[in-house]
Amino acid sequence: MSVLIYTETEKGVFKKNAFEVASYGAALAEQLGTDCVAVAINPPDASQLQSYGVGKILVIKEAKLDTFNAKGYATAIAQAAKEASAQVVLVSSSADSKFLSPLLAAQLGASFAPNVVALPESTTPFIVKRTAFSNKGFAHTELTGSVKMIGVANNSFGLHEKETTSSVTTFTPSLEDHLFTTKTTAVDKVSGKATIADADVVVSGGRGLKGPENWGLIEDLANVLGAATACSKPVSDLGWRPHGEHVGQTGKPVATNLYIAIGISGAIQHLAGVSASKVKVVINTDPEAPFFKAADYGIVGDAFEVVPELIEKLKAFKAQNV
Amino acid sequence: MKILVCISNVPDTTSKINFKDNNTAFDTAGVQFVINPNDEFGLTRAMWFKEKQGASVAVVTVGDASAEPTLRKALAIGADEAYRIDAKATDGFFVAQELAALVKEIGFDLVIAGRESIDYNGGMVPGFLASTLDFQYVTNCISLEIEGNNATATREIDGGKETLDTQLPLVIGGQKGLVEESDLRIPNMRGIMMARQKPLHVRPATTSESQTKEISFSKPEAKGAVTMIDPANIDQLISLLHNEAKVL
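Quick note, the sequences are listed as chains A and B, same order.
Going by our numbering, the first sequence opens with residue 1, and the numbers climb by one from there.
Going by our numbering, the second sequence opens with residue 1, and the numbers climb by one from there.
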C-alpha cells in the first residue's frame with residue numbers, strides 16, 4: 001500500500017507543483033498510515049523531493065519520454081503505481097497532468113477527482129473537496145473505487161517542508177511503440193517567462209488599457225514583480241492579446257498568491273476564474289466596477305497614472321528588500 | 001468523415017450558483033441552460049468540416065428531457081441529428097461509458113467534446129472516452145485540421161502551445177481557439193425551423209456504473225471588505241501588500 005505521486009519536471013528541474021503534490025502526498029500518507037512514493041520521469045537530482053517528506057522515489061530514465069506524450073507518460077505512471085501497490089495516486093493540475101489524468105485513471109480503473117483543494121475530509125468513506133461550477137462552488141465528492149486518484153488544485157495546499165531520508169530506485173516501464181502514435185512536432189513556448197499556472201503573481205489587463213499598444217505598462221509591472229501577464233476575455237476577443245492569456249471561466253483559472261487587475265471591471269465569469277487567488281488588487285477608474293467588491297485592495301484611479309508610479313515605487317521597494 | 005460532438009447542458013456563464021435540499025443538489029431554479037462554451041467551439045469547428053469537407057455531424061448529450069432545447073439549438077446551428085442518452089449524468093466515468101457505447105454502435109471517426117464542462121469542471125470525459133475506445137486523444141485543443149486519416153492539432157500548454165500530429169479515429173477536448181469567438185453561430189429562423197424536423201434519438205443508458213458520488217456542495221466563504229487606497233498614496237498599497245497580505 002502507498003500514496004503514489006507524479007512529480008513533474010521541465011527542462012531538468014522539478015516544477016513548483018511537484019513540491020506541492022509531494023507536500024500533499026506526504027501529509028496524506030501520514031493520514032493513511034502508509035508511505036509516500038514519488039515517480040519522476042527523466043528527473044535531475046531526485047533527492048530534492050526528500051525535503052518534502054517523500055520516502056521513496058522511483059526514477060524512470062527513458063529516452064522515449066524525453067518529450068511529453070500523454071499516453072506514454074500515463075502508461076509509465078500507471079505501471080509505477082502498480083509497482084508501488086498505490087491505493088491513492090496524486091497528480092498536479094498543470095496542462096500536461098490534466099491531459100494525462102483521465103488516461104491514467106482509466107488504466108488504473110481509479111475513481112478520479114480533479115481540482116482538489118484540501119486533504120480528504122474523511123478517508124472512510126473517502127471524501128474530497130474540489131472546486132466546481134468554475135470556482136463558484138465546491139463539490140464534496142466521494143471516491144468509491146478501491147484505487148483513488150486526486151488532481152491537486154494549483155497553489156491550494158502550498159509547500160510544506162519535511163526533511164526525510166529517501167531511497168531512490170530506478171524503475172523501467174514497458175512502453176510499446178503504438179503508445180506514441182500521437183506525436184508532438186513543435187513547441188511554441190517563451191522560455192524563462194513566468195506562466196499563469198506557475199507564477200506567484202499575475203498582472204492582468206482589461207479594456208481599460210484602451211489598446212494593445214499600451215500593454216508595455218502591464219509587462220513592465222509584471223517584470224518588476226516576476227509575474228505572469230494575463231488579460232480579460234474582451235481583450236483576447238479583440239485580439240489585443242493571445243487566447244492563452246485569457247483568464248476567467250472559459251479561459252484559464254488563476255490561483256496565484258497575488259492577482260493585480262488593471263482596467264478590468266470584473267464580470268462574474270472573470271471573478272469566477274480568478275477567485276482562487278489569495279490576494280486581489282484592483283485598479284480601475286470606475287468606483288462602481290463590480291471587481292472592487294471581490295478585491296482585497298482597491299485603487300480608484302487612472303491606470304496610466306497609477307501603474308507607472310506603482311512600478312517606480314516597487315522598484316525602490318525591491319531594491320531595499322533583496 | 002463522421003463527427004460526433006458531445007454537448008453538456010450547463011448553466012449560463014452569468015448564473016449565480018445556489019444549492020438546495022440541504023446542500024446536496026444544484027438549484028436549477030431561475031437558471032438558464034446553454035451549450036457548454038467549450039463544446040460550442042467544437043460544434044462550430046465541426047460545422048466547418050461539414051461545409052468544407054463534407055463531414056456529417058451528430059450531437060449527443062447525457063441527460064433528461066430538460067436538455068432537449070440545448071440539443072435542438074445544436075441542430076439549429078447545423079448538426080444533422082441528435083442523440084440523448086436518457087440518464088442522469090452521475091459522473092465523468094459514467095458519461096464516457098455511455099458515449100463510448102454510442103460511438104461503438106454508430107461508428108464515428110472524430111469525437112469532439114469540450115476540454116471540460118463549466119459546471120463540474122472534471123475534464124475527464126474526452127480522455128476516458130479515448131481510453132475506452134482506444135482512439136487517439138488531444139485535449140485543450142485550440143486548432144484542428146484533418147486531411148484524410150491524418151490530423152494536426154494544436155493544444156494549449158502552460159505558457160504556450162504545441163502542435164501534435166495524430167490520426168483518426170480521434171477524440172478532441174476542444175476550447176476557445178478551435179474557432180474564434182466571433183465565428184460562433186447564433187441559430188437563424190430557417191435553422192430553427194429545420195431543427196424541428198431533424199431526428200432526435202432518445203436512448204436508454206447501457207450501464208449504471210459510476211466511480212464517484214457527489215455527497216454535498218458548498219459555496220466559497222464570503223470575502224472581507226475591500227481596503228480602498230488613495231491613488232496619491234501608492235506607498236500604502238506596497239506597505240499593506242508587504243506587511244499585511246505578506247505577498248511582496
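Be careful, since some hints might not be right.
To give an idea of the chain B side of the interface with chain A (calculated C-beta under 7 Å), a few residues [stated by the list, open to error]: (1) Pro37; (2) Ala55; (3) Met124; (4) Leu200; (5) Phe217; (6) Ser218; (7) Ala222.
Calculated from the structure, these hints are not laboratory results.
If you're wondering where the values come from, they're calculated on a predicted model, not measured in any experiment.
Backbone N, C-alpha and C define an ideal beta-carbon position, used for all residues, glycine too.
Taking the least C-beta to C-beta distance, is Ser218 (chain B) closer than 7 Å to chain A? This interface hint holds because 5 Å falls under the 7 Å limit.
Hint check: is the beta carbon of Ala55 (chain B) less than 7 Å from a beta carbon of chain A? With a minimum Cβ separation of about 21 Å from chain A (threshold 7 Å), the hint on Ala55 (chain B) is violated.
Holds or violated: Leu200 (chain B) as interface residue toward chain A, Cβ cutoff 7 Å? violated, 27 Å
Interface hint for Phe217 (chain B), Cβ within 7 Å of any Cβ on chain A: Interface hint status for Phe217 (chain B): holds (6 Å vs cutoff 7 Å).
Min Cβ distance, Ala222 (chain B) to chain A: is it shorter than 7 Å? violated, 11 Å
Met124 (chain B) as an interface hint toward chain A, with CB separation required under 7 Å: Interface hint status for Met124 (chain B): holds (4 Å vs cutoff 7 Å).
Can Pro37 (chain B) be said to touch chain A, with a Cβ gap under 7 Å? holds, 5 Å
Violated hints, listed in ascending order, are 2, 4, 7; each of the other numbered hints is respected by the structure.
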